[in-house]
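Enquirer: Each chain, letter by letter, is given below.
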Amino acid sequence: MKNKLAQIKEDVLMHLKEANELDALENIRIKYLGKKGELTAVLKGMGALSAEERPQIGALANEIRSLLEKEIDEKKTELIKKATEERLKKEVIDVTMPGKKQPSGSLHPLTKVLDDIKDIAIGMGFEIAEGPEVELDYYNFEALNIPKNHPARDTQDTFYVSDNVVLRTQTSPMQIRVMENKKPPIRIIAPGRVYRSDAVDATHSPVFHQIEGLVVDKGITMADLKGTLDAFMKALYGKETRTRFRPHHFPFTEPSAEMDISCYVCGGEGCRVCKGEGWIEILGCGMVYPKVLANCGIDPEVYSGFAFGFGLERVAMGRYNIDDLRLFFENDTRFLKQF
Amino acid sequence: MKVPMSWFGDYTDISGVSPKEYNDALTMSGSKVEGIEFLGKELDRVVSGKINSVTPHPDSDHLVICMVDVGGEVLQIVTGAPNVKEGQIVPVALDGSTLPNGVKIKKGKLRGVESNGMLCSHDEMGITEADLGYEPEYGILILPEDTEIGIEMRDYFGLNENVVEFEITSNRPDCFSVIGLARETAVTFDKPFNVPVPKYTENSENINDYVSVEVKNPEKCLRYSAKMVKNVKIGPSPKWLAARLRACGVRSINNIVDITNYLLLEYGQPMHAFDLRDLVGGKIVVRDAADGEAIKTLDEQDRTLTANDLVIADGERAVAVAGVMGGFNSEVKSDTTTVVFESATFDGASVRQTAQRLGLRTEASSRYEKGLDANNTVPALERACELVQMLGCGEVVGGMIDVKGNIRPLVTLTLRPAKINAFLGTDIPTADMISTLTKLGFEVDEANMTVTAPSFRPDIESEADVAEEIARFYGYDKIPSTLLSGEATVGGKTPLQKLRDKINRTLVGCGMSEIYTYTFTSPSDFDKIRIPADSSLRNTVKITNPLGEDTSIMRTTTIASMLNILSYNYSHRNENVALFEIGKIYLPKGDVLPEEPEKITLGLYGDYDFFALKGIVELLADTLNIDGMEFARESENPTFHTGRCAKVTIDGKDMGVIGEIHPDVLKAYGLDTSCYVAELDLAAIFAAAGGTVKYKQLPKFPAAQRDIALLVDKSVAVADLEKTIRKASGEILDSVKLFDVYEGAQIPEGKKSVAYAIFFRASDRSLTNEEISKVFTKITKDLEYKNGAVLR
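Protein sequences, first through last, are from chains A and B. Quick note on numbering: the numbering used here labels position 219 of the first sequence as 219, and the sequence is numbered without any gaps. Quick note on numbering: the numbering used here labels position 696 of the second sequence as 1035, and the sequence is numbered without any gaps.
Treat the hints as calculated values from the structure; they're not laboratory data. Where is the CB? At the ideal position from N, CA and C, for every residue including glycine.
Label pairs and their calculated CB-CB ranges:
1. A/S162 to B/D1052: 49 to 59 Å
2. A/R334 to B/E474: 56 to 66 Å
3. B/S1102 to A/E180: 46 to 56 Å
4. A/E180 to B/V536: 47 to 57 Å
5. A/G125 to B/S801: 24 to 34 Å
6. A/G125 to B/V1057: 50 to 60 Å
7. B/K817 to A/G125: 26 to 36 Å
8. B/T821 to A/S162: 37 to 47 Å
9. B/K341 to A/E180: 42 to 52 Å
10. B/S874 to A/S162: 21 to 31 Å
11. B/A469 to A/R334: 48 to 58 Å
12. B/D873 to A/S162: 18 to 28 Å
List time: in silico DSSO-like cross-link candidates among lysine-lysine, alpha-carbon distance up to 27 Å:
13. B/K1091 to B/K1053
14. A/K291 to B/K758
15. B/K622 to B/K672
16. A/K100 to B/K953
17. A/K239 to B/K832
18. A/K183 to B/K758
19. B/K622 to B/K569
20. B/K986 to B/K1066
21. B/K881 to B/K867
22. A/K183 to B/K832
23. A/K183 to B/K837
24. A/K337 to A/K100
25. B/K371 to A/K234
26. A/K275 to B/K380
27. B/K758 to A/K182
28. B/K1062 to B/K953
29. B/K832 to A/K234
30. A/K9 to A/K75
31. B/K817 to A/K275
32. B/K986 to B/K1062
33. B/K992 to B/K928
34. B/K1113 to B/K1039
35. A/K337 to B/K841
36. A/K182 to B/K832
37. A/K101 to B/K841
38. B/K928 to A/K148
Chain B with its partners taken away, still in its complex shape (with noise of 0.2 Å):
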């Protein structure tokens, strides 16, 4: 909302009030500044002048040189304007001026003419035609003869003024007014605050006799109010007004039109004007639309209605979507005599709803939706009676009009002083309290300690309402800074967040780096990462309303968010990346609202390899205290290398996914290097992460290592050897080292050759040549057995 701080004038007392020291001001009471523009910054320096004279140019057939009097000095100035006149009065700008378009004014020659300034049209000063009131002739302005010289054209335009812009929020539709505006600002600095009742006189009929008014939807019309007005004269709007309107951001149209949208700022009462002819039958039926019913409204769009909307008819069809827009068919035109005033109040709820389906917000229909008083609709129409008096533009007829449907009743609450101040922190004495409630336009019962809010303030509904209005023109900043005290609180973190902590430290220190990814995707993702149709990651939360395709569904998998980033990595020649993200996954169930599982997501390429995601993942679970993670050959999911992807499981249970991407997957990114991907579940390594460690002693007797190398069977995995060597070892076993994997030279075809260091130890003695050969025996038999194996 901007207002012109000449216009606070009206109502209150701001003068000698600085633009900064207001903006502080009212931004610590509560109505936010957002800045405040002087309108005429752009136009200085620039002044009417008298042409004393006009005169060829010596070397030009289309200039001219002007002497021009612009107040106690004659400046000659050389232009090409066509239409410039002796005696003319015209604005100048002086040399070291800036117009509005960034031309800077500077004395110079012309065709070898010396020229002082430069003469202005009104597009050159920023001026628009409906600011004028009128077209003017091509060329340079001419202002009226009676206009006087030298005087600055920032005045003249009204453009002398501050404009300042508020934040008003959506409690506070009294605030989409002059008036309110005026209100909280002779409060804030306080001052008297008063709204001149409006005069004006009106003939001997009555509005009743031209046109009726029925409101047949009392829950959604709180109040019509009507006044009619006679012999009406269509024309521009005098400049102080089209000036103010103007300086508020909304264009001058005609007088009538002008003093509904004055209305509109100055009241915040949206009001329309109907021309009677329009109106069939003299009637005007509030009614809820018919579903379907057409309307093309001001804005000449063929608009469909719903049995939602409300709409004003006359005796025959919609001249009105009520609290939105009017009517093509019924609005005020160039030979309009007769207008209806209307001033009413929607239900909020409602004409949001209507706007919004209309995709139609309109300066009439965000007031409405935020909650109007249905005690302004009679001062506003009276104001715009005085208007129209004022302006000369017709002729008030007699009698209003004005039916009341269910208007919310005012709200009456007790006013406990020391619960206020013990709510705040404060000391406010209660005198205080109720001078400022008072001035803010609550009643205040001192007998029965009971504040009743004025009736355009619909947010006032608890004591803590009031105690907010009290406690901002007390001063936010009054009230002391305490710290916490009462019963203490330990804090902390969960063990889950400990445990998320660590896992973020732990792949930190193996050189990855943390990235956030989007959680939703797009259903094209799973044909990229090459999931089949009928899969019930497919099955996702979707988006009604989405930005695009490719943001439309919740992700039921991170793999594609990593390979994402890990492509934009690789598009942008980034070597060596390694990537791990923690991050959410959504799978609908029955319920209303789905589960939403966490993922850990490894992403690698370029020095790595399947064994150095996998070390990472082996390094993460030794971290954690996580034993028995086990990997085991998975040659069925689509979206990795189908000899190279394991899943991962601890004690049997699945805990995700490692391997690398299949080659038709990297592809679809874009990603022509090898890529390692490994996506664990987050509330399964919670679960499977250990406690406190427990100390083991350190051991007294020494190890006796035995190697072994045997041939197998190239298939045979490396996890079940290791496996055979620890079941037949039992108890004596200390740890089994892999040390070499040979194929080639000497080796057979489809063999390998697999060597191992097995240490062996007892904790209470050192163990016997004997009992280490009888163990010994017994793995390499069982390995023969169980894995084929052949010593070497």
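With the rest of the complex left out, here is chain A (with noise of 0.2 Å):
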């Protein structure tokens, strides 16, 4: 019997090391394992044996048992194993193949550089404001220490709806539209649509974009101002961004200036962008002029301020590369798809 034994155990090795696939290894264990197998045929002649030799091959058998069971178990995860990485190489693709596109969306340029202003301005301590496009001359002109027939209207060809209502120049009247509405300490920015009776061409449009920038507080000076818009360009051009700042005149801002800033391409150096100057003129701004403080029933003698107002188009212009004014608003989806 125990030759029987080991006989078995000696043709299920054997057969194992044939086995190449699971059914054949299901086989072998059936035949040699299974309720009707030959292990088990063995285990059921033992009634034939002595008492002492009972024990002694049940122990064996059991033994045998373990044994093939175990090898029988290392060579299925064996043979799955080999089975998953074949299946696997069958199915191997072409991962250059192109995706499955989702439909993919995009905001505006413009948005998107705005987007930006304004998380910049909020990092400051500023609220968004927004106010009418179509405006009364009053609040686009006269309160801004622009009377009818004041020189300064020149520089803003004006689309007028009436005598007294104009479709807005700048966004310059959110300043005076705020400061009637709110006590300082005032911090805001304004971006909105603004209209100018300029034909369409490649640097002009009848419709763009600006923000206005304001501040009103006790104490702001124009060390202020310079430090916040330097602080502002940093973040909006990068940390390397240096600004300089030029007297200009504008009627509701006094001193005025206009901000360069160091040009974004070359760093300063000079070049094509910034026409080898290394400043690219980017905002006008000043000290709020103390009769427009005064229009708004600020006492100019307590309070003082700031503002700011610079284009949207020229900065998503400079940051895209974009070399005409007129892609903005043809909304090309080969253009838009870009952002």
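Quick one: dock chain against chain with the hints and give me the complex.
Expert: Right under this line is the structure:
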């Protein structure tokens, strides 16, 4: 009987070596270890053994059974692993084939730039003000110290709705509207559409966008204006950016300045973009004119403030290297989807 | 304003200042330099040369060979010019030079004969007859016999000159003059500044014996000064004067006219020269024009005036439009012998109105409208007389007419150095402030600490203006940069602003691209989108001075804007286009200003249908936590397909419209494909948008599903069936899902099959079959009763 068991063990081990498929493996298990298998048959024949032999053979049979079960399991694991590997090999795909595209939407480049500007301003404690585009002449001009027949009106070719109503030519009327409705401290930006009677070409549009900024509080200085805008531009154009303030004239600020930033292409060395100047003109700013404060019921002896304004399109054109203003309003999806 | 740098040398010292230094310094002190141009840059290596001999060309009838002495060297030059003769002095472009017309001069052979340069005409050097002051004969320019040999032509023509172009802001009329800019220059470089007092002699006669001046409107004519010159000899101006005018972009005409133009530039004082013969009765009357009064101006245009315009008249008729342009009837002519120089100050606003109405902006009017200094009229006249004598073109008659109107009083302000430093954030010593102001022409009373602005500075009205004067010469770059201090502000976006951001994000997530469209539009857009003639949408905000008809009204709907952009993309063969915009419309109302509500506009064409668009709107509602959005068939909206349009409501409130665009509208926009557009009201959506979400407990008990298949009339809206199901189910309803709509085989004509999966659930127990069956029976009954639905 011992021999028989040894023979079974040997047979199984031999067959296992040859087995290459899970089915064959299962057949081996059934043939030798199954309920009607050879090993079971041997055990069934144990009744014929002597009382001495029986435990020995029993132990031996069990030992062989667990050994064979273990061998079969190991072989099974190995075959499964192999089968999986083979399946995966068959399932190879060309990963360089194009992906299944989800429809991709896009924010307009002007919105993207404006969102950045808003984030910077909010981080500096600014709120975002909004106001009408069809505006009273009073807010667009008179309250800003630009009376009728003032030459400063020349620089802003105005669309009129009536003698007293215009399409706003600048976002500056928002300064007045905010100051009329809010007590200092005031820190706002007011982005919006503005209109000027310019024929459309690569650098002109009768509709474009500005961002106005206004800060009014006790003790606001021109040094604050410089520091705030410098920080703003570093946030918008990168921390290497330098700013330069040049005297200029706006009727509603005094002192007034134009602000240049160091060229974002060449860093100030001089290049085609900055026309060799090293500087790019970005915005107009200044200390709010006392008369303008007074017009809004804010005492210029107690409060002071600064204001700034700049064009959104210009910032976007610079950032994205766009050379034609018309693209913003044509809305060709081949353009829009690039952003 | 263009000024040759050398002209500043008449009043201050900028020797040794390079153009680049000048550019930077003046820009930083507030006189923005647009650019500095070297006039002679295109006329390099063109020199005077003497023709030693002229011999015929062996192989040409019309060419000759000249031996030209260019100073130290004799060059052989072949020319075809008809007018060269031995002994003449002519301009010679040397080998390697480039002429203003772009021609490069190189050594070479002409018909086999070596030529080492080119003899030039005035045209080839970019010199006009006006620059020369005479009409030269055809061919090579023959220079005067006493011209030195070998000198650069750019020196000869006064082109060895850097011309600065300034951008002058409207608040600085004084800087529209060489003297004004010289003052800024002097203060910028901290150099002395001096305007010499004009010197001239006059005869013993008196102007008042020839001319009388009467100012009838002293509000508009602030000062009228006049001098007279007799025995005038009209002729060309000397080269130096013509060169200065030319450098400033002014054409030389004749000596008298050039003197007035010179004064316009130098003193910033517009002047006019009348021919005394043309002043009827020797009278000058400054008066309002009569309504409809006619005058032919110097440009030979007939103009009609109004009572708002101011004119200079003689005894009979207008001879000039005050401050704008002289009259054709009184201009200086070649045989003029006596001129009256007018040097006057007119009210800026009045001149501006007249110039605008006449569409006639002149050098004079653009200066007057900014507010000129009434104290400048007399010095300018005296300078004109000095020039007359300098040029030897007339005899100055004694006496001066000087009628003063309502001259603006000087402005005196308190000077508070501490306040100014606090305002600027600086620590500038008082003495420095006083020094700067004094140099700029302010009078400083140190005892009372007051400053009086000079009469040529109408822009100085308040302490802030004084602060700017101090700041710009202290240097904006020296003002420190500080961050805001004081009371902290929170900042941030309003709920509406956040909602817009969320809408943007959601729609971009749906694969849509945001667009920016023009908010003004064409009245014809209403026809294109089939808006009825009597629709209130046609009541628009109109622009009185539009660029064109197509941008003449403010839009009252965004649909046309969207269709324009869809059309643009379609015509550019862009496929599967999905666009959106949040933008304003403008609705006139009783008040002066219109309402400006915002619309969310969606537009699709390509691989989309009505339900694709509806799905986007529904997703938007889900994202914004809007409950109860409903779509009801709308067959009356003329812009849309009568069978594929829905009105969108929330709790019965109008929210907008969604649908397929009507084929006629598509055609009007050149769209040969179906388009789907929605226009939704932002304010209504904002009002309906939910706030913070409250968490609902997850169900503990299982849901039971019952399917139902119904046969209904084709016209029955599934939304109505769902409503019936919901109502009949009561509170054990979990959800209803439409899973099939079918028409065709086995379904009777005019009917459709609709199938729903209905899920029931209670939060506190497992539902029994009986409970569910009871409800299900009610559902089927109600469907039959309310919707005529039969179980299949």
